[in-house]
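Line order of the protein sequences matches chains A and B.
One point on numbering: in our numbering, the residue at position 60 of the first sequence is 45, and numbering is uninterrupted.
Here our numbering = 1-based position in the second sequence + 467.
FYI, nobody ran anything at the bench for these hints, they're computed from the structure.
Here a beta-carbon is modelled for each residue, glycine too, at the ideal position from N, C-alpha and C.
Incorrect hints may have been included.
Claimed, not checked - Okay, derived cross-link-like pairs now, DSS-like style, lysine-lysine, Cα gap no bigger than 25 Å in a straight line: (1) K168(A) x K863(B); (2) K552(B) x K810(B); (3) K832(B) x K855(B); (4) K865(B) x K168(A); (5) K168(A) x K824(B); (6) K552(B) x K80(A).
Said to hold, decoys possible - What the simulated footprint calls covered on chain A by chain B, stretch by stretch (three residues with Cβ under 8 Å from a Cβ of chain B suffice, anywhere in the stretch; the number is not a length): (7) 34 to 40; (8) 78 to 87.
Spelled out from the first residue to the last, the chains are:
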Amino acid sequence: MRIRIAHETVYRYDTPATRAIQILRLTPRAHDGQYVVRWRVEVSEDCRVGPREDAFGNLTHTFTVDGPISELAVRVAGEVETQDTHGIMRGAREKFPPSFYLRQTELTVPDQAIAGWADEISENGARPALETLHAMQQSIYANFNFDVDATATSTTASQAFANKHGVCQDYAHIFCSAARHLKIPARYVGGYFLRGDGVIDTESGHAWTEAFIPDLGWIAFDPANGICATEAHVRVAIGLDYLGAAPVRGTRYGGLGEAMQVKVSVDQASRQSQQ
Amino acid sequence: MSSRSPDFFDEMRASDGSIRPAYRQLAHWLDTVPKDVLDYRRKEAEFIFRRIGITFAVYGDAASTERLIPFDIIPRILNRGEWQKLSRGLEQRVKALNMYLSDAYHKREILRAGIVPEELIYGNPVFRPEMNGQAVPHDIYVMIAGIDVVRVDPDNFYVLEDNARVPSGVSYMLENREIMLRLFPELFIDHPVAPVDNYADELLATLKSVAPNNSSGDPTVVLMTPGIYNSAYYEHSFLADKLGCELVEGRDMFVKGDMLYMRTTEGPKRVDVIYRRVDDDFIDPLSFRPDSMLGVPGLMSVYQAGNVTLANAVGTGIADDKAVYSYMPDIIKFYLGEEPILKNVDTWRCREPDHLKYVLDNIEKLVVKEVHGSGGYGMLIGPAADKKTIENFAAKVKAAPEGFIAQPTLALSTCPTFVEEGIAPRHVDLRPFVLTGRDRTRIVPGGLTRVALSKGSLVVNSSQGGGTKDTWVLDR
C-alpha cells in the first residue's frame, strides 16, 4: 500500500521568541515491509537542518533559529510504500541487543498495579510470551478509554493505568512497562497510522510498541487498535519511551503566548491522486 | 599520650609502640606542643573556614543548613615510597576505567570475552544509549577521577570506590593545605612536604589538552555549575577562580548551529571545553530530563558533532557504580594485561543468588551498600546497626537484590586526631584526584583525607559527621 503523509506543526508567539532549537524525529527509514518513496523536511525559517542518526538508529534533524520569531512552522511530507508483515519487524537498524530494552524509564517503571496485572495475564510466567503479549494488547484495547484530555506527555504508565484513560502513547508505555516487568524486551514506537474508518486528518501521529520474542524477533503490537502492526502502520522512530522517540523536542528562548497547531494527514496515495 | 587499638593499622605507631619514620618529627612535636596551643589553633582554623565560607549542605537533613566540615589540624603523612606505589596504582586504575568506557560504548570486546555480564552495561540505568558508538574527543572519558582508597596494613592500599562522574572534594585538599601553611609554618620547615597548590594549573592543562581538534589554539574552558543551591557550589566557584575560567550555569550558554556559545559582555564566545559539575540527567533537556532547568538545550548535539568536550564525558557512571567495582581487577587485567597494583575489597554481588544467600545469612557482619548510592546514604554497617535496622535493610535487599552489594567491614587504618579526649587514633580514608589529559596523567601528591571523628566509627563521609585532614606526601 502506498501511504501519503503530511505533518505540519506551527508555533505562533504573541511576543516574538529570540531563539529556538529543535530536534526532530520525523523521518521514516526503510525496513522489511516499509520503503520510503520520498520524504522531505522543511522549516519555515532560514536555518541549516542537520541530519544525524541517533542512539536508537532513528534519523533526526536538528536546527537552531535566531529570532525574532513570531511564527515557526515545521513541515514534513512524503510517501511510504508498505506491506503487511504480520507484525514482524525485520531489516531495521538494530543498535542494541534485545536485553537493552528490558530497561525501565521514569515513564514506564511499573507500580504494584501494573506488575500485578502483568503477572496475572502471564499466569506468573506460565503462559507462553507471545500469547501473553497478545492478551495484554487485547486487555488494554478492551478496557481503556481513549481520551486526549486525560493525559499529557509527562504522564507515567502507572498514572495512566490507574485512570484507565489515555492516548496511544499511554497504552504503549503501559505495554512496555508490563512486558519489561515480565522480562520481555519491549520498546516504544512512534509513527503514523492509516485509519480504517476513513478519517484522514488528525492532530497527532500514532504510537505503538515492539516486543522481542526469541526465534521470532521483534513483533509490533498496537494496543490502541488491538492489532499487530499492518501495512497501515508507518514506523518512524523507536525509543525506551516517548522521550526517546518524540517527534519534536525543542526549546525556545523568550517569546510569550505560544500557540501550537498540529495537522497530520495520513491517506492512501492512490485515493488522493484519484481526487 | 594516646591509646592505640591493636586491631587496626595505626599509621603513626607500629605495633611495638615505636613511631614510624615518616611521623617521627610530628610525634615529637605533638609530645611537646602544649594542648592549649593546639586548641587555640583549631579554633583559629575554624574561624578561617567560616570566614571564607567553605561550607556544604547536607541533603535529607530536615534542618538543612550550610555546615562546616570539621577540620583536624593534625596532618596525615605518607612517605615517598608509599605515595609512589599508590600513584602508580591510581594511574593504572584510571587508565583501565577509560578503556572500559571506550569499549563499553563501542566494540564491547569485554562482553565477547565474557569478563563482565551484558546487564552490567545494558541493564545499568546510567548506561547512556546516547553515547553508544559516539566518539568523544581523544577517546578520553574520565579526565577527573577521585579514587577512594583505604589502608589496612603497611603494604596495601585498597580501593573502596571509584568516582568517575563529578567527584568533589578537591577544594578541601587545597584549602586544608593553605590553612596548615598559615597555622603551622614551622612544621613545613621540618617536613619536606610535596606541594599541592599546582593542582589548578594541572587541571587547566588537562582540560585544554582534551579540547576538540577544531578548537582554537587557546581553547576556552568553562566550569559549569548547577548553581548556588548545589551542595558543592563553594567548590565550583573556588575552582573556577583558581582556574581563571568562567563559572557558568546552563542559562549562560546556548547552541547555535553545531556550536556552543556563552554569553559575554563582548558578545557570544565559543566554548570548547566544559568542566561540568552537573549530572548527566540535567545537562540537556532535549536529550535527558526534559524538566531540567540547569542544562543547555541542544548541548548533546554539539557534543555529538565533536565540537565541545565534556569533562567528564557523558555516561561514565557505568564505570564507577558499585556493581562494576567488583569486576575491576578483571577489567584491569583484560585491558592492560597487568596485575592490579591497588587491591579491591572482596565484594558480594546480591544479584547473584549464592552471593545473596551469603549476604542475608551474614548481614550483621557486613557492610551493605546500594549500587547507586553515594555519600554514605543508603548503606548498612552490620556490626554497628541494631536488630530492627538490620531487619528492615535485609527486606530492602531481598526486594531488589540487584541494587545491592556487600563487603566485609574493613579495618580502616587510623591516624592521630585532635578530639575532645585529646590526641587519639581515628579511622581515615583518602581521595586522591587523578587527571587524565591527552598528553599524560597528572596526580598531585596528596588528596583529601577524611576522618571519622567519633571513636570507633568507620564512616568518614562528611554528610555523616566526618572531618578532613591535610595530607602530606614527603618528598624524600
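These are the hints, each one checked on the structure:
1. K168(A) x K863(B): 21 Å, holds
2. K552(B) x K810(B): 12 Å, holds
3. K832(B) x K855(B): 15 Å, holds
4. K865(B) x K168(A): 18 Å, holds
5. K168(A) x K824(B): Holds, because 23 Å separates the two Cα atoms, which is no more than 25 Å.
6. K552(B) x K80(A): 42 Å, violated
7. 34 to 40: Coverage by chain B holds here, the residue count being 4 at a Cβ distance below 8 Å.
8. 78 to 87: Three-residue rule met by the region 78 to 87 of chain A, so holds; n is 6.
Hint 6 from the list above is the single one not met by this structure.
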